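Chains as they are written, first to last, in the numbering used here: chain A, 1035 to 1146; chain B, 7 to 119.
Treat the hints with care, since some could be wrong.
Said to hold, decoys possible - Computed, partial: chain A to chain B, Cβ under 10 angstroms:
hint : residue
1    : Phe1043
2    : Phe1084
3    : Met1087
4    : Leu1095
5    : Thr1096
6    : Ala1111
7    : Phe1122
Said to hold, decoys possible - Okay, the calculated beta carbon distance ranges per label pair:
hint : chain 1 : residue 1 : chain 2 : residue 2 : range
8    : B       : Gly9      : A       : Glu1039   : 25 to 33 angstroms
9    : B       : Asp68     : A       : Phe1084   : 30 to 38 angstroms
10   : B       : Thr24     : A       : Asp1050   : 26 to 34 angstroms
11   : B       : Thr24     : A       : Ser1041   : 19 to 27 angstroms
12   : B       : Glu20     : A       : Pro1073   : 20 to 28 angstroms
13   : B       : Glu23     : A       : Glu1048   : 25 to 33 angstroms
14   : A       : Phe1043   : B       : Tyr106    : 42 to 50 angstroms
As the list claims (entries may be wrong) - Computed list of lysine-lysine pairs in DSSO-like fashion (alpha-carbon distance at most 27 angstroms, straight line):
hint : chain 1 : residue 1 : chain 2 : residue 2
15   : B       : Lys63     : B       : Lys19
16   : B       : Lys21     : B       : Lys58
17   : A       : Lys1090   : A       : Lys1101
18   : A       : Lys1090   : A       : Lys1070
19   : A       : Lys1102   : A       : Lys1090
20   : B       : Lys58     : B       : Lys28
21   : A       : Lys1070   : B       : Lys21
22   : A       : Lys1104   : B       : Lys58
23   : A       : Lys1104   : B       : Lys63
Please keep in mind that the hints were generated in silico from the structure rather than gathered at the bench. Every value quoted in this text rests on a predicted model; they were computed, and no experiment measured them. No residue lacks a Cβ here, since even glycine has one placed at the ideal position from N, Cα and C.
Residue-level listing of the chains:
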Amino acid sequence: GEDVEQSLFLSVREGDSSVINCTYTDSSSTYLYWYKQEPGAGLQLLTYIFSNMDMKQDQRLTVLLNKKDKHLSLRIADTQTGDSAIYFCAESITGGYNKLIFGAGTRLAVHP
Amino acid sequence: AAGVIQSPRHLIKEKRETATLKCYPIPRHDTVYWYQQGPGQDPQFLISFYEKMQSDKGSIPDRFSAQQFSDYHSELNMSSLELGDSALYFCASSLDGRSYEQYFGPGTRLTVT
């Protein structure tokens, strides 16, 4: 079945690295995504990874995918206060027209 | 770059009223998706359209209907509104029916009183 799970809250100190984790259950997932949502705002696509990749790096963001354990992580290097937001992990599966299945979201709080 | 446009941004309705939400996709995008995000919840897929045809359907109540028009904009019609319909409604668009990048609009915040 389709299910995406995330831890709900993460607190880090400014300048440290943040690691947000996600697990998914659908083995036919083709793409896995990270979206950012700031308070009262829309969903911003941060990055995505195709399921045949292990890692993708984009500036301060590193995505790691462990297909065997169906585990996805987002690492944010040098976390800043502007990174405070809710981060949603999402998957799209083969078939259909790529509706996204979202996790519950991880609220990242960055403190000085 | 042009983004997905949603209107209105905020809407207040009373129970049992109807509401129409509009979505204008990114130019050249032919696929539109609707999601509902309740307070403190993750976005839930409602329905999608590709080339003006319904392509997938999620947890959309029977009181809701949607369509995509010839210019690819889409409208979500909601009738007999209930308090539980209060949520943020997102539209997303993508290029071709199997695109793997969905770009979201800013959302319409619907409040039912």
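> Which numbered conditions among the earlier hints are violated in the structure presented, ordered from lowest to highest?
Replying inline: 1, 3, 4, 5, 6, 10, 11, 13, 14, 16, 21, 22
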